[in-house]
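Next come the chains, spelled out residue by residue.
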Amino acid sequence: MVQSVAEPATSGDVLALREQHLKAYRFMLLARVLDDKLASLYRAGKIMGGVFLGRGQEALSVSIGVHLQEGDIFAPLIRDMAGRLAFNEPILDAARTFLGSALGPMRGRDGNIHRGRPKEGQLAMISHLGAMISVVNGGLFARRMRGIKGTVGVACCGDGSTSTGAFHEAMNQAAVEKLPLVMVVADNQYAYSTPTERQFACRSLVDRAVGYGIPGYEIDGTNLSECLKVVGGAIAHARAGAGPQLVVASLLRLCGHGEHDDGSYIDTKLKASELGRDCIKLAEHLLKQQGWADVATLAKWRAEAVQKVEEATAAAQRDPAPDPFEQNYWAALSNPQLLEGNE
Amino acid sequence: MSITYLEAIREAQAKALQDDPRVFIYGQDVGNFGGAFKATKGLAKQFPGRVLDSPISEDAMTGLAIGAAIEGLRPIVEMQFADFSTVAFNQIVNHAATMFWRTNVSCPITVRLPCGGTAGSGPFHSQTMEAIYAHYPRLVVLTPATVEDAYSMLLAAVAIDDPVIFCEHKFLYYHLKAESLPTEAFPVGKARIAREGRDLTLVTYSAMVHESLAAAEELRGQGWEVEVVDLRSVKPLDTDTVMASVARTGRLLCVGESWPWGGVTAEVITRVVCEGYDLLDAPPQRLNAKDTPVPYHPNLWSAHRPTARTIATAARKVLQS
Numbered sequence: 000m001v002q003s004v005a006e007p008a009t010s011g012d013v014l015a016l017r018e019q020h021l022k023a024y025r026f027m028l029l030a031r032v033l034d035d036k037l038a039s040l041y042r043a044g045k046i047m048g049g050v051f052l053g054r055g056q057e058a059l060s061v062s063i064g065v066h067l068q069e070g071d072i073f074a075p076l077i078r079d080m081a082g083r084l085a086f087n088e089p090i091l092d093a094a095r096t097f098l099g100s101a102l103g104p105m106r107g108r109d110g111n112i113h114r115g116r117p118k119e120g121q122l123a124m125i126s127h128l129g130a131m132i133s134v135v136n137g138g139l140f141a142r143r144m145r146g147i148k149g150t151v152g153v154a155c156c157g158d159g160s161t162s163t164g165a166f167h168e169a170m171n172q173a174a175v176e177k178l179p180l181v182m183v184v185a186d187n188q189y190a191y192s193t194p195t196e197r198q199f200a201c202r203s204l205v206d207r208a209v210g211y212g213i214p215g216y217e218i219d220g221t222n223l224s225e226c227l228k229v230v231g232g233a234i235a236h237a238r239a240g241a242g243p244q245l246v247v248a249s250l251l252r253l254c255g256h257g258e259h260d261d262g263s264y265i266d267t268k269l270k271a272s273e274l275g276r277d278c279i280k281l282a283e284h285l286l287k288q289q290g291w292a293d294v295a296t297l298a299k300w301r302a303e304a305v306q307k308v309e310e311a312t313a314a315a316q317r318d319p320a321p322d323p324f325e326q327n328y329w330a331a332l333s334n335p336q337l338l339e340g341n342e
Numbered sequence: 000m001s002i003t004y005l006e007a008i009r010e011a012q013a014k015a016l017q018d019d020p021r022v023f024i025y026g027q028d029v030g031n032f033g034g035a036f037k038a039t040k041g042l043a044k045q046f047p048g049r050v051l052d053s054p055i056s057e058d059a060m061t062g063l064a065i066g067a068a069i070e071g072l073r074p075i076v077e078m079q080f081a082d083f084s085t086v087a088f089n090q091i092v093n094h095a096a097t098m099f100w101r102t103n104v105s106c107p108i109t110v111r112l113p114c115g116g117t118a119g120s121g122p123f124h125s126q127t128m129e130a131i132y133a134h135y136p137r138l139v140v141l142t143p144a145t146v147e148d149a150y151s152m153l154l155a156a157v158a159i160d161d162p163v164i165f166c167e168h169k170f171l172y173y174h175l176k177a178e179s180l181p182t183e184a185f186p187v188g189k190a191r192i193a194r195e196g197r198d199l200t201l202v203t204y205s206a207m208v209h210e211s212l213a214a215a216e217e218l219r220g221q222g223w224e225v226e227v228v229d230l231r232s233v234k235p236l237d238t239d240t241v242m243a244s245v246a247r248t249g250r251l252l253c254v255g256e257s258w259p260w261g262g263v264t265a266e267v268i269t270r271v272v273c274e275g276y277d278l279l280d281a282p283p284q285r286l287n288a289k290d291t292p293v294p295y296h297p298n299l300w301s302a303h304r305p306t307a308r309t310i311a312t313a314a315r316k317v318l319q320s
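First to last, the sequence lines map onto chains A and B.
Once you know that position 131 of the first sequence is 130 in numbering that gives the first Met the number 0, the rest is easy, because the numbers rise by one and skip nothing.
Once you know that position 108 of the second sequence is 107 in numbering that gives the first Met the number 0, the rest is easy, because the numbers rise by one and skip nothing.
Source of the hints: derived by calculation from the structure; they are not laboratory data.
Watch out, some of these pointers could steer you wrong.
[Claimed, not checked] List time: in silico DSS-like cross-link candidates among lysine-lysine, alpha-carbon distance up to 30 Å:
| no. | chain 1 | residue 1 | chain 2 | residue 2 |
| --- | --- | --- | --- | --- |
| 1 | B | K40 | B | K176 |
| 2 | B | K289 | B | K14 |
| 3 | A | K148 | A | K177 |
| 4 | A | K22 | A | K270 |
| 5 | A | K148 | B | K44 |
| 6 | A | K299 | A | K287 |
| 7 | A | K287 | A | K45 |
| 8 | A | K270 | A | K36 |
| 9 | B | K44 | B | K189 |
| 10 | A | K177 | B | K40 |
| 11 | A | K280 | A | K268 |
| 12 | B | K14 | A | K118 |
| 13 | B | K44 | B | K176 |
| 14 | A | K177 | B | K44 |
| 15 | A | K148 | B | K189 |
| 16 | A | K177 | B | K37 |
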């Protein structure tokens, strides 16, 4: 069942392939520029709480977002800016949530990477990330009960979350229910500071697929083409009714766990290895090599991304902050009559 | 005709499934087998595809319910025993309970917890969990003590847009009977005066309501009129009804089957002392289970939890102080 995929695309759909790569690259770039801006706002003391970047994981992340459609469900991990943007998350949602705006989707009640719009399929993660997978299952289960066909759910986690009981429970549940779940594991070599040899003892996390009785795919997470092809294929299989799919991508987190962490524990040999290559640079190289984009075009796109990010972060900084004296901020039940009178 | 507390729970689920196509039941052995206690007996056949066996995965069971609730369904999750809900604790308290606060999206799940001790069940099939869940903001925690409440409050739980922890007491499953199912429901969040009295307010809930009523009957023979307040819902907690009763009697005893540290009895006493100190003619007291795991042997078990006898003894102390 475990497959390795890395064959070139057929010539028949080169044009579509070009469009897909260009779209994906532009979301990767936007995500990188936004992440970099958030990191500098954090260093400037403008962001409360943690800032977690997707640096080095954009190729994998965007491959999810560009293959999702309206009506699908996406439970990102903390490094999925690219996938979120490609799945139509407004750039202002990120800017507002990180910058504590009262107008963002979380209204200051929860922060940064926890943002989401559950009714639009963008789940708002809790910190216990393994817990999100069964929630995706529930959304897919509900659709089946309601007779809705053709939608999929993608849940993401890192190598660390695969050690949680919740991961196992949910993967087994998805397999038993034959749900259209695509589980994408970004094996970025470290869970915070813990290296993979202290996290799991199997050859590869993709071997877990056999135990669940589902297909598994191993990919190079730095290679945009491979990510697009395999993640896109897994999503298409799930959408067509083939049941849960597991994709495990090998890559390296090119930053600390969060911006509070310098990542000094990351092995220099890993940094120098193929895993440590920057997927955006590789993608740029590919676009130029294929003749799909020239240097001037890449520069123009970067300038456009910077402009978008500057506008969004400036707008969010002009927003009102949450007001603790506004009564509504403390009402937290859908049924206000069940709130106790003495509160 | 008579109907038991357990049958009322089954009937409420049948009615919820019948009346609302958004409702489904998910839990271990709830399908064709009808549940470990038969609370879903016959429902899988009556409602095909809507009463489903789950793997032994309390976390994923609850996660699936949360995901389905986001999509607009009304899941009922049956934990086989309340004790096992600790495995789902994260999904319940960190996910379901925070959902509306964080995202403005309601999370209408009902988690049924068959709770409380029965002789011989031991440490892992006997627990009462209401205090743990009530501690977390924005869970609704219901503790029905009567057949009527088991029925109407379970229907209310399914209709409520927020996560509801439905603590049904196993000791009452077969013993407690009513002539018929109620056609009108007493509102959720209101306590009920289970017995009127002028000398002492005895605040309790769930199975301890019946032990307390028996204690009140015993004390009547000694000339005391004890008022028994059945909280029905521990969250929200109906402080008004409790305070009004204490205002009439001037004395308070709280009884719960849970462990003594913190919890519902501590909460009730805190509220009465903080908000109604002047109403009290004597120091309020409380009676809980012993602070040990729930023992297996019937002799030990019956000494572990409050009983009519120990409640009457505790009540006499308050009455005579």
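The hints, checked one at a time:
About 18 Å separates the Cα atoms of K40 (chain B) and K176 (chain B), which keeps this hinted pair within 30 Å; it holds. A hinted pair counts as satisfied when its Cα atoms are at most 30 Å apart, and K289 (chain B) with K14 (chain B) does not qualify at roughly 39 Å. With a C-alpha separation of about 13 Å, the suggested pairing of K148 (chain A) with K177 (chain A) holds against the 30 Å cut-off. Straight-line distance between C-alpha atoms of K22 (chain A) and K270 (chain A) comes to about 28 Å, which keeps the hinted pair within the 30 Å bound.
Between K148 (chain A) and K44 (chain B) the CA atoms are separated by roughly 25 Å; this keeps the pair inside 30 Å, and the hint holds. Proximity of K299 (chain A) to K287 (chain A) is assessed by CA-CA distance (about 14 Å); at most 30 Å being required, the pair is judged to hold. For the proposed pair K287 (chain A) and K45 (chain A), the alpha carbon gap of about 37 Å is over 30 Å, so the pair is violated. At roughly 23 Å between alpha-carbon atoms, K270 (chain A) and K36 (chain A) fall within 30 Å of each other, so this suggested pair holds.
As the CA atoms of K44 (chain B) and K189 (chain B) are separated by approximately 36 Å, the hinted pair breaks the 30 Å bound. For the hint linking K177 (chain A) to K40 (chain B), the alpha-carbon distance of about 26 Å falls within 30 Å, and the restraint holds. About 19 Å separates the Cα atoms of K280 (chain A) and K268 (chain A), which keeps this hinted pair within 30 Å; it holds. Proposed proximity of K14 (chain B) and K118 (chain A) is supported: the alpha carbons are some 28 Å apart, at most 30 Å.
Distance hint between K44 (chain B) and K176 (chain B) is fulfilled; the C-alpha atoms sit about 26 Å from each other, no more than 30 Å. Under the criterion of a C-alpha separation no larger than 30 Å, the hint pairing K177 (chain A) with K44 (chain B) is consistent with the structure, at around 22 Å. For the proposed pair K148 (chain A) and K189 (chain B), the alpha carbon gap of about 43 Å is over 30 Å, so the pair is violated. With a C-alpha separation of about 27 Å, the suggested pairing of K177 (chain A) with K37 (chain B) holds against the 30 Å cut-off.
Of the numbered hints stated above, those contradicted by the structure are hints 2, 7, 9 and 15, listed in ascending order.
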